[in-house]
Structure formats: structure tokens, C-alpha cells
Amino acid sequence: MAFKGALVIDTEKCKGCAVCITGCPQDPKCIGLSKKVNAKGYNYLEMVNEEACIGCASCAVICPDGVIEVYRAKC
Amino acid sequence: MTREDIIKPENLVYKRTPVLTDATMHYCPGCGHGVVHRIIAEVIEEMGIQDNVIGISPVGCSVLAYNYFDVDFVEAAHGRAPACASAIKRLRPETFVFSYQGDGDLASIGCAEVVHACNRGENITMIFINNGIYGMTGGQMAPTTLEGMETVTCPYGRDPKIMGHTMRLTEMLAQLPGTYYVTRQAVYTPAAARKCKKAIRQAFENQKLNKGVSFVEVTSNCNSGWKMTPVQANKWMEENTLKYFPLGDMKVDGKFDPKFIERVGTFDQPNETIFSLRKK
Ligand SMILES: Cc1ncc(C[n+]2csc(CCOP(=O)(O)OP(=O)(O)O)c2C)c(N)n1
Ligand code: SF4
Ligand code: SF4
Ligand code: SF4
Ligand SMILES: [Mg+2]
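Residue numbers (the numbering used here), protein chains in the order written: chain A, -9 to 65; chain B, 429 to 708.
Don't read these hints as lab results, they were simulated from the structure.
Keep in mind that a hint or two might mislead.
What the hints assert, rightly or not - No farther apart than 27 angstroms at their CA atoms in a straight line, the calculated lysine-lysine pairs in the DSSO-like style are these:
id: 1; chain 1: B; residue 1: K436; chain 2: A; residue 2: K64
id: 2; chain 1: B; residue 1: K663; chain 2: A; residue 2: K25
id: 3; chain 1: B; residue 1: K443; chain 2: B; residue 2: K687
id: 4; chain 1: B; residue 1: K436; chain 2: A; residue 2: K3
id: 5; chain 1: B; residue 1: K443; chain 2: A; residue 2: K19
id: 6; chain 1: B; residue 1: K655; chain 2: A; residue 2: K3
id: 7; chain 1: B; residue 1: K636; chain 2: A; residue 2: K19
id: 8; chain 1: B; residue 1: K655; chain 2: B; residue 2: K639
id: 9; chain 1: A; residue 1: K3; chain 2: A; residue 2: K26
id: 10; chain 1: B; residue 1: K663; chain 2: B; residue 2: K683
id: 11; chain 1: B; residue 1: K655; chain 2: A; residue 2: K25
id: 12; chain 1: B; residue 1: K639; chain 2: B; residue 2: K623
id: 13; chain 1: B; residue 1: K683; chain 2: B; residue 2: K626
id: 14; chain 1: B; residue 1: K623; chain 2: A; residue 2: K3
id: 15; chain 1: B; residue 1: K443; chain 2: A; residue 2: K64
id: 16; chain 1: A; residue 1: K30; chain 2: B; residue 2: K655
id: 17; chain 1: B; residue 1: K663; chain 2: A; residue 2: K3
id: 18; chain 1: A; residue 1: K26; chain 2: B; residue 2: K443
id: 19; chain 1: A; residue 1: K30; chain 2: B; residue 2: K443
id: 20; chain 1: B; residue 1: K683; chain 2: A; residue 2: K26
id: 21; chain 1: A; residue 1: K3; chain 2: B; residue 2: K683
id: 22; chain 1: B; residue 1: K639; chain 2: B; residue 2: K671
id: 23; chain 1: A; residue 1: K19; chain 2: B; residue 2: K639
id: 24; chain 1: B; residue 1: K671; chain 2: B; residue 2: K655
id: 25; chain 1: B; residue 1: K687; chain 2: A; residue 2: K64
id: 26; chain 1: A; residue 1: K25; chain 2: B; residue 2: K443
id: 27; chain 1: B; residue 1: K671; chain 2: B; residue 2: K687
id: 28; chain 1: B; residue 1: K436; chain 2: A; residue 2: K19
Build the full structure now, drawing on both the sequences and the hints.
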């Protein structure tokens, strides 16, 4: 069964640490840091390869700031 | 399938737990303290004990932990969290009580408190964040600092001949009869974080049995103190710290696992491995 995932990222709470990116199993990674910054000055997380996300939540379980919400649908 | 088709309540698989407050944690980007806070809060939510848990925060970077959990909290003097936790649990045995401490707090100034709380077999959960350094005060050497590792108080690297050996306190506590569950976990990869959550859940569940201390060390990072990026710090931890502080259960259901000690070596011989951790 195939799954497709989507993230809702609280970009204002993200600190741009990039730890979540190392946890993403996809190659190329689904997520990356934006060139833009949030109000605190951090390059926040964004989806860069949305198509490949499988909604595994590996990124979310190692985010120290709990800013990633994950959805997964069967397809 | 569009993003809108996927983002529906029935497809939700992961969401920030409401046991964490909305406050933005003051921790540096990528700090393991945040991950462990989140895991503890998720365990409290899943066990449905939010109204019946008291946490004890330490002195160290996690001194403000009480701002981040929507549960009752007490802030202890430096190193004294196990003593506070013991008293609270004895007065309110039906409440889930956990202490949360860094390695400077637990293994250095609070070494006596943790040893005696474990020796008395208090029925509490202890969380120990070992990042090998005093993070809050600017990166001084801790008992857990690795041999050869540079800190501001050992700028040429820790030399065990004059600064003592890297202390594996968790292995020592596992040998006390008062500990019921002792484990070392980490949170630097998704698999490690999921395992750590299981261990912390177990450590809380054990309080229902009234059989002694459940102790979870989490080997963590301090990217500011180590002067690395968060991603570099996690990699460095995997390559260096985990060699001296191997992950796994040391004691389960009150039974000490001798295989664990075989893996780390015995205590009467100092570990032969001298790390060359100089960055240059
Ligand atoms: C009685 C007392 N002595 C010393 C200090 C200074 N101090 C504050 S935090 C700390 C060490 C914290 O290190 P650790 O427990 O490893 O926590 P981390 O910040 O690394 O998470 C020290 C020595 C203090 N606040 N109170
Ligand atoms: S949910 Fe999984 S696949 Fe999607 S971005 Fe996160 S880690 Fe990558
Ligand atoms: S781990 Fe969390 S805080 Fe760090 S970059 Fe990813 S989303 Fe942002
Ligand atoms: S100083 Fe170290 S332990 Fe403290 S918040 Fe920063 S990274 Fe975490
Ligand atoms: Mg520390």
C-alpha cells in the first residue's frame, strides 16, 4: 500500500536547526531550509520535494521544538 | 492527490502534544533537551496522567522546564532534584513524580542526592540528560566530559591523569539494589527517539509497581558548548560519545544485565580508549 504525506510547519516556531532534514528517509529529501527567515531570523523549514513525502513522521519525532504536524493518506 | 486532500483530521499522524505549553523553548536550535521534553509530554498525554504528575526541574539549561510542561512542577536547588522528588513521592504516593537533570546537576554537584535516592529505592522516575558539559554556564568540563574533549575549563582536552576519568554514573546506579529499571537512550535519529519514548513510558509505568527508581539517561548534544552546528553535534555524538556511553538497557525488572558491563568494560580498569577529539 502506498502512502502520501503532507506537513504543516509552524514556520514562526522553527529554529532552522536542520536536524529533521537528517531524519527524512527520502532521497532527495522532502524538506529543506528556506532562503527566507522568520521573525526570529531563522531560516525556517519548508517542503522542497513535496511529491516524495510518505508521511512517516520521522522528521517530526526528532524536531526539538515540535513544529511539524504530519498527515498521511492512502493512495 | 493534492495537499488539501491529505491535510484532513482523519489523516493526522503526528501533532504537537497539548501537554506542552505554547511557549517557545529557550533552548538553542537542535538541542536535545527540546526533544526529550516533547517525548515526556507525549508519554504523559498517552498515559492520561496530566492532572496527576509532578515534575522537578534542575539548575542548568533545563531550569525553566516548568514553563514548557502544562503540569505541576517544582524547581529544586542545584543537584537536589532527587531529594525533592523523594519527598514529594513519599507525601503523595499516588502521584507520578519525575526528576529532570543535566549531567553537571546530576553527576557533579548532585552526585550524593542521586546515589542515595537510588540506594533508598524511591519509587520515582529520573531523567538524566548527559551532554558531556555544563551547557548553561558556558561549556565547562563535567564529570561526563570525554577524555581529550576540549571545554573552556580544559582547553587542551580532558586529561584523566589530572582531571579524573569520564564518569559512567548510570552503570554505577544500575548496580544499586534500589534501582528497578536503568537504561541509556538517545534522541538524535528518528529510530533512537522512538526507542527513547518507549523507555520513558516504561519508566513512568513502573511507578505503578512501587519497586524502586526507574532511571533513563539520554545521551544528548550541546551544540553551543561543543561549538558545532546541531547536525555536526549529533554526528560527533554518534562517533565519539556513544563509544564510551553505549546505548541500551542495563537493568530491567530489577535484574541487572551483566552483558551490558561486558560491553563497557569493568570499572577497576580505566577504559583504554583515549579519544583524539581535538577539532584541529
Ligand atoms: C549552587 C550553585 N552552584 C553553581 C551554579 C552554576 N551553575 C548553573 S548551571 C550549572 C551546570 C549545569 O550543567 P548541566 O547540569 O550539565 O546542565 P546543561 O546546561 O548542560 O543542560 C552550574 C554549575 C549554580 N547555579 N548554583
Ligand atoms: S514525513 Fe517522512 S517523508 Fe515526509 S518529510 Fe517527514 S521524514 Fe520526510
Ligand atoms: S527540527 Fe524543527 S526546529 Fe529544527 S529545522 Fe526542523 S522543523 Fe525547524
Ligand atoms: S547551551 Fe547546550 S544544553 Fe543549553 S540549550 Fe544550548 S545546546 Fe542545549
Ligand atoms: Mg550538561
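Comparing the hints with the structure gives:
no.: 1; hint: B:K436 x A:K64; result: holds, 12 angstroms
no.: 2; hint: B:K663 x A:K25; result: holds, 24 angstroms
no.: 3; hint: B:K443 x B:K687; result: violated, 38 angstroms
no.: 4; hint: B:K436 x A:K3; result: holds, 22 angstroms
no.: 5; hint: B:K443 x A:K19; result: holds, 21 angstroms
no.: 6; hint: B:K655 x A:K3; result: holds, 23 angstroms
no.: 7; hint: B:K636 x A:K19; result: violated, 43 angstroms
no.: 8; hint: B:K655 x B:K639; result: violated, 41 angstroms
no.: 9; hint: A:K3 x A:K26; result: holds, 14 angstroms
no.: 10; hint: B:K663 x B:K683; result: violated, 32 angstroms
no.: 11; hint: B:K655 x A:K25; result: holds, 24 angstroms
no.: 12; hint: B:K639 x B:K623; result: holds, 23 angstroms
no.: 13; hint: B:K683 x B:K626; result: holds, 18 angstroms
no.: 14; hint: B:K623 x A:K3; result: holds, 26 angstroms
no.: 15; hint: B:K443 x A:K64; result: holds, 19 angstroms
no.: 16; hint: A:K30 x B:K655; result: holds, 21 angstroms
no.: 17; hint: B:K663 x A:K3; result: holds, 24 angstroms
no.: 18; hint: A:K26 x B:K443; result: holds, 24 angstroms
no.: 19; hint: A:K30 x B:K443; result: holds, 23 angstroms
no.: 20; hint: B:K683 x A:K26; result: violated, 53 angstroms
no.: 21; hint: A:K3 x B:K683; result: violated, 43 angstroms
no.: 22; hint: B:K639 x B:K671; result: violated, 31 angstroms
no.: 23; hint: A:K19 x B:K639; result: violated, 45 angstroms
no.: 24; hint: B:K671 x B:K655; result: holds, 20 angstroms
no.: 25; hint: B:K687 x A:K64; result: violated, 43 angstroms
no.: 26; hint: A:K25 x B:K443; result: holds, 25 angstroms
no.: 27; hint: B:K671 x B:K687; result: holds, 16 angstroms
no.: 28; hint: B:K436 x A:K19; result: holds, 23 angstroms
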